[in-house]
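The primary structure of each chain is shown beneath.
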Amino acid sequence: MNFSEIKEINSLGRNIFSIRFNALEEAMPGQFLMIWVPGIKEVPMSISSMDNGFEITFKVYGEATKKLSEMNVGDRIFYRGPYGKPYPEPVGKTAYVAGGTGLASLKPLINKHGGDVYIGARTKDELFLLDSNFHISTDDGSMGFQGNVVDLFLSIGKVYDTIYVCGPEIMMKNFYDRAGRKYGKNVYFSLERLMKCGIGICDSCSINGFRVCRDGPVFSYDEISMMDEFGVKRRTESGKIELMIKR
Amino acid sequence: MNFSEIKEINSLGRNIFSIRFNALEEAMPGQFLMIWVPGIKEVPMSISSMDNGFEITFKVYGEATKKLSEMNVGDRIFYRGPYGKPYPEPVGKTAYVAGGTGLASLKPLINKHGGDVYIGARTKDELFLLDSNFHISTDDGSMGFQGNVVDLFLSIGKVYDTIYVCGPEIMMKNFYDRAGRKYGKNVYFSLERLMKCGIGICDSCSINGFRVCRDGPVFSYDEISMMDEFGVKRRTESGKIELMIKR
Amino acid sequence: MVSISTRVGKRKIEEPVMLASGILDETSGSILRSLESGAGISVTKSIGTEERKGYSTPIVSVIKTGMLNAVGLANPGIDAFLEEFTEVEKKDRIAVSIFGKDSEEFSYLAKRVEEAGFGIVELNLSCPHVQGFGSEVGQDPELVEDIIAEIRGKTNLQIWAKLTPNVTDLIEIARAAEKADAYVLINTLKATGVDIYSRNFLLSNKIGGYSGPGIKPVALRAVYDVFRETGKDIIGVGGISDWSDAIEFFLLGAKAVQVGTGIYYEDYAIFRKINEGISNYLEQEKFSSLDEIIGLMVRK
Amino acid sequence: MVSISTRVGKRKIEEPVMLASGILDETSGSILRSLESGAGISVTKSIGTEERKGYSTPIVSVIKTGMLNAVGLANPGIDAFLEEFTEVEKKDRIAVSIFGKDSEEFSYLAKRVEEAGFGIVELNLSCPHVQGFGSEVGQDPELVEDIIAEIRGKTNLQIWAKLTPNVTDLIEIARAAEKADAYVLINTLKATGVDIYSRNFLLSNKIGGYSGPGIKPVALRAVYDVFRETGKDIIGVGGISDWSDAIEFFLLGAKAVQVGTGIYYEDYAIFRKINEGISNYLEQEKFSSLDEIIGLMVRK
Ligand SMILES: Cc1cc2nc3c(=O)[nH]c(=O)nc-3n(C[C@H](O)[C@H](O)[C@H](O)COP(=O)(O)OP(=O)(O)OC[C@H]3O[C@@H](n4cnc5c(N)ncnc54)[C@H](O)[C@@H]3O)c2cc1C
Ligand SMILES: Cc1cc2nc3c(=O)[nH]c(=O)nc-3n(C[C@H](O)[C@H](O)[C@H](O)COP(=O)(O)OP(=O)(O)OC[C@H]3O[C@@H](n4cnc5c(N)ncnc54)[C@H](O)[C@@H]3O)c2cc1C
Ligand SMILES: Cc1cc2nc3c(=O)[nH]c(=O)nc-3n(C[C@H](O)[C@H](O)[C@H](O)COP(=O)(O)O)c2cc1C
Ligand SMILES: Cc1cc2nc3c(=O)[nH]c(=O)nc-3n(C[C@H](O)[C@H](O)[C@H](O)COP(=O)(O)O)c2cc1C
Ligand code: FES
Ligand code: FES
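Protein chains in written order, with our numbering: chain W, 1 to 247; chain X, 1001 to 1247; chain V, 2001 to 2300; chain G, 3001 to 3300.
Extracted from the complex, chain W is given alone in its bound form (with noise of 0.2 Å):
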């Protein structure tokens, strides 16, 4: 277990912060940290930048999120990795698609190569990170284009060599059905799924004998077309199969 003093913490949003801290680790953009709140729980987090030490960008749900939140400059912040398999470097005219808290992932990746970014969320609060250039939808209109992030997308219909999508699961299983075949080997998804180890032992990130954890978070198109249960199926905790609802 690593621990470091917190250097920066930011309000971004609604309920969304960042908070940066120095790390001696080395951390290639995609990988991703898991954040142990002691006496709570351990999360994982992506690293929203390695730049600087490192930053996570998290949206507060429950219990850790909120600890998290409330910390302050000084405080000491546990973690272990930089875990995780990364993206591969973008070819040729890029494009990135967030959904919600998806963007935390894909930040150090347009930082460095810079594109296209789609972003969506549910409502404007919930958008963070904006820079000008950047293409916007919210379910409710609140700002940008009115419908979700894939709708966007498609609405624009510019042509890209490299995608890469992170954001719900449900949102890039549509962005997979709608948009994947298209751009077929170029296109890479960054997953979300309840992670409990986090180093490739415990099963239950696994979708279909991937590990989140280990063989991802980051996989391509054809790894994901291998993977029935991908937007299907999910697992509780208890690592129980359930049909995914939209949530």
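There may be inaccurate statements among the hints.
[As the list claims (entries may be wrong)] DEER-style ranges, computed between Cβ atoms: (1) W:Ser11 with G:Val3298: 36 to 42 Å; (2) G:Met3001 with W:Thr236: 15 to 21 Å; (3) W:Gly62 with G:Asn3156: 57 to 63 Å; (4) V:Ile2171 with G:Met3001: 25 to 31 Å; (5) G:Asp3169 with X:Glu1005: 39 to 45 Å; (6) X:Arg1076 with G:Ser3003: 51 to 57 Å; (7) X:Ser1069 with G:Asn3156: 56 to 62 Å; (8) X:Gly1039 with G:Lys3053: 17 to 23 Å.
[To be verified] Which residues of chain W face chain V? A partial, calculated answer using Cβ under 10 Å: (9) Phe17; (10) Trp36; (11) Val43; (12) Arg76; (13) Asp151.
Keep in mind that the hints were calculated from the coordinates and are not lab data.
Note that beta-carbon positions come from the ideal geometry of N, C-alpha and C, so glycine has one too.
Could you slot chains X, V and G with the ligands onto chain W? The hints should help.
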């Protein structure tokens, strides 16, 4: 535990043998190995050459050395080490004073740096690795000077800048008492004591808080001067302290 | 290549390296992946009568000499488990691990397992961190005897009894389990770990099971003791991370081995690497089959 | 420097790191050397009524995760031992470890130790590899209770009871030993090791005790369990090789620690290094004394 195939095995004198085997480890003159004869026991042995693999040179005393003497080229020899502190490099005119198999420990140094060699044994048949310009003594006068090697050394009366002494403790004590002070700082003694672990934790080789296996086996004159047990008392296998009897 | 096939109880097994219970064996996809990666048999996560969420994270912690875990017997329950596995092939190479609090629960689970088409049941008499289950059951010789007798009476399954090393007298427990077809030795050691900067336990459950390289010396001793005393079939497990570790278990009497934590170090490649390493060792040391070395150091 | 002094039973101890029994403590010269190197107290090798040669070599084997040993309770016997120590100074910082087969032997040895001017006796109820002694005694609660009562009745010594982790129920044994002034937890784990190229055991005695980093998780658990259940003074031992290991033991309730195998890795410098590390940690973490962290994770 390491092992290696025996490359060479030679009979050097009455009950005296040398075994050469490949080794990947580095060693320095004065260091020793723990040689394991599975099913029998493990015994410490000086490395008598480290130029082309390792070589040990030993006299058959009991079970372990008997078994070793009966081994064949191609057989496996098991060992761990090298252990212990090496001899410091010689300065100026150098003498080596060896009793019996003590020569084994000094041999790599002699080969590397040259100098005058004084070697003593009970009788002619127990002498080995002789070179025509060695000064030789035997207790029974069957070869060379009649008497012990310290008598021989003193009788020749040459003066040296560095002296290395290795042999039975009684002989080294004799040297220490009669010639040690004269040469002071530049005399080094390599001790042999009952050793069980070889790595400095069991205390069976300790003499006044110095562990022969880890703090030695090579000790300076000044260190030896701090050991009131040197040449006087020894430990049995139980750790019991007893007066040393001349053997 | 020298043959490395072995036999445990009535089962011939082509590759003597198995996937241990609890590691990457909750989902059918992962079970199949381990089988395709060279595991002779894969043991499922331990399944109980009811769904259990397990403990909250952290449930594992990698430490210098191995790993601590307190997963808390998370499992979907026998119904959901069997449903997921209905269509799964290679059932003959899957052993189902089950846990319960008494012989009734165990035999109920075993019957369900048999009905679903599996042939081997592994009894978790040894998980050290859940009250009322695992080692709390496995430390009671009468209960152990009872459980095995019940399953024996009610099914034709091959029964593997996985025992806990956290006892004063392992032989007593082994004797109580002697109606089983094989022993699986060992489960994790009861242990804990501390983070000195948060001054918290490394696991949410505080106490957990210790696995990996650090427990191998204890596992080897358990295999040696039980083999010497009972001569029965043993599957060795605990700290195996390469082929030479496996050989050590064979020499002391294990007929097969299981690998858990080793996967963390070597990933799925570990199965093939160990299989190949065993075969190379046998060839190099001039043995003509794995059988020749099983128990070699105990027999002689 | 923040004070690191501690108290075990009635004894105030300046440095909380002690030399564990059996490592460099057979000869008086070595005992003194450890005291001069920063050990607060040094415990002697276990001494019995009679001289014992111990087992033949190999008696120790360094393995990846620690060390295996089966020294076989080699010791000069109480007479020769006391004779060697007659003139030795610093007796107040030497604890004498004794072993015997029953309360008679133990109390005889304890009386001799007291007469010779020592103040602390450590009872080896836990060595795992000699028949009739050590853990065979220490696994029997009645015998343990009896031994301690006898010594208590016949001497004024501080009594430290060193227990074995090789039991089903450590708490039961701890309760049996509760008349002792402190518990010493833990002795080595029963274990074995194999050399696959000679196909021999690593130790001449085959079975030995496992010490070093690999047993720390088990030792921590023992300290935690016993401290939580009894609240009594505990000396933690098992796998400590640096100051952070020591802190872990303190946080779980140990009032002092012992170091054995760690000396193999760090040599005599280990005592000062750990003492300094503890002091630095306390300062950095803003504690004003060692006391403040003892049992901190159990109390809260
Ligand atoms: C590889 C990976 C990377 C991740 N990276 C990030 C990241 O960069 N930023 C981030 O905010 N989160 C990220 N997550 C999700 C993050 O782990 C959860 O937000 C976290 O576990 C929530 O913990 P909690 O205790 O605050 O909430 P919990 O108590 O666990 O959850 C409270 C409620 O919120 C729901 N919930 C929790 N997480 C999500 C989610 N991500 N989406 C929708 N509903 C959710 C739960 O189902 C539950 O109903 C990542 C997850 C994975 C697997
Ligand atoms: C650091 C060190 C280096 C050593 N290097 C060498 C070496 O290079 N060559 C070598 O031959 N020996 C060397 N020895 C001694 C060697 O370890 C013993 O010869 C060996 O232990 C004998 O084992 P054994 O089983 O054959 O005889 P044992 O059964 O142990 O002994 C049989 C009898 O011989 C006596 N004996 C054993 N060793 C000696 C000895 N060295 N001198 C006098 N009597 C002895 C014993 O006391 C006993 O009475 C060294 C010892 C040490 C501590
Ligand atoms: C994360 C994890 C979960 C485990 N779950 C179970 C389990 O459900 N049932 C069981 O019998 N053993 C379980 N075990 C124990 C292993 O099967 C195995 O006995 C132990 O880890 C020692 O082997 P290893 O060192 O190869 O991991 C688990 C071990 C780990 C590390
Ligand atoms: C070589 C060796 C000899 C030991 N001898 C004894 C002994 O005589 N009496 C005893 O109580 N414990 C003995 N022990 C156990 C240690 O005192 C200690 O409890 C154990 O090694 C765990 O601590 P460590 O990991 O720091 O070594 C011995 C340990 C070793 C390694
Ligand atoms: S989180 Fe445990 S295997 Fe991925
Ligand atoms: S032989 Fe064990 S300390 Fe030297």
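Status of the hints after comparison with the structure:
no.: 1; hint: W:Ser11 with G:Val3298: 36 to 42 Å; result: holds, 37 Å
no.: 2; hint: G:Met3001 with W:Thr236: 15 to 21 Å; result: violated, 53 Å
no.: 3; hint: W:Gly62 with G:Asn3156: 57 to 63 Å; result: holds, 59 Å
no.: 4; hint: V:Ile2171 with G:Met3001: 25 to 31 Å; result: violated, 51 Å
no.: 5; hint: G:Asp3169 with X:Glu1005: 39 to 45 Å; result: violated, 50 Å
no.: 6; hint: X:Arg1076 with G:Ser3003: 51 to 57 Å; result: holds, 55 Å
no.: 7; hint: X:Ser1069 with G:Asn3156: 56 to 62 Å; result: holds, 57 Å
no.: 8; hint: X:Gly1039 with G:Lys3053: 17 to 23 Å; result: holds, 19 Å
no.: 9; hint: Phe17; result: violated, 20 Å
no.: 10; hint: Trp36; result: holds, 6 Å
no.: 11; hint: Val43; result: holds, 7 Å
no.: 12; hint: Arg76; result: holds, 7 Å
no.: 13; hint: Asp151; result: violated, 32 Å
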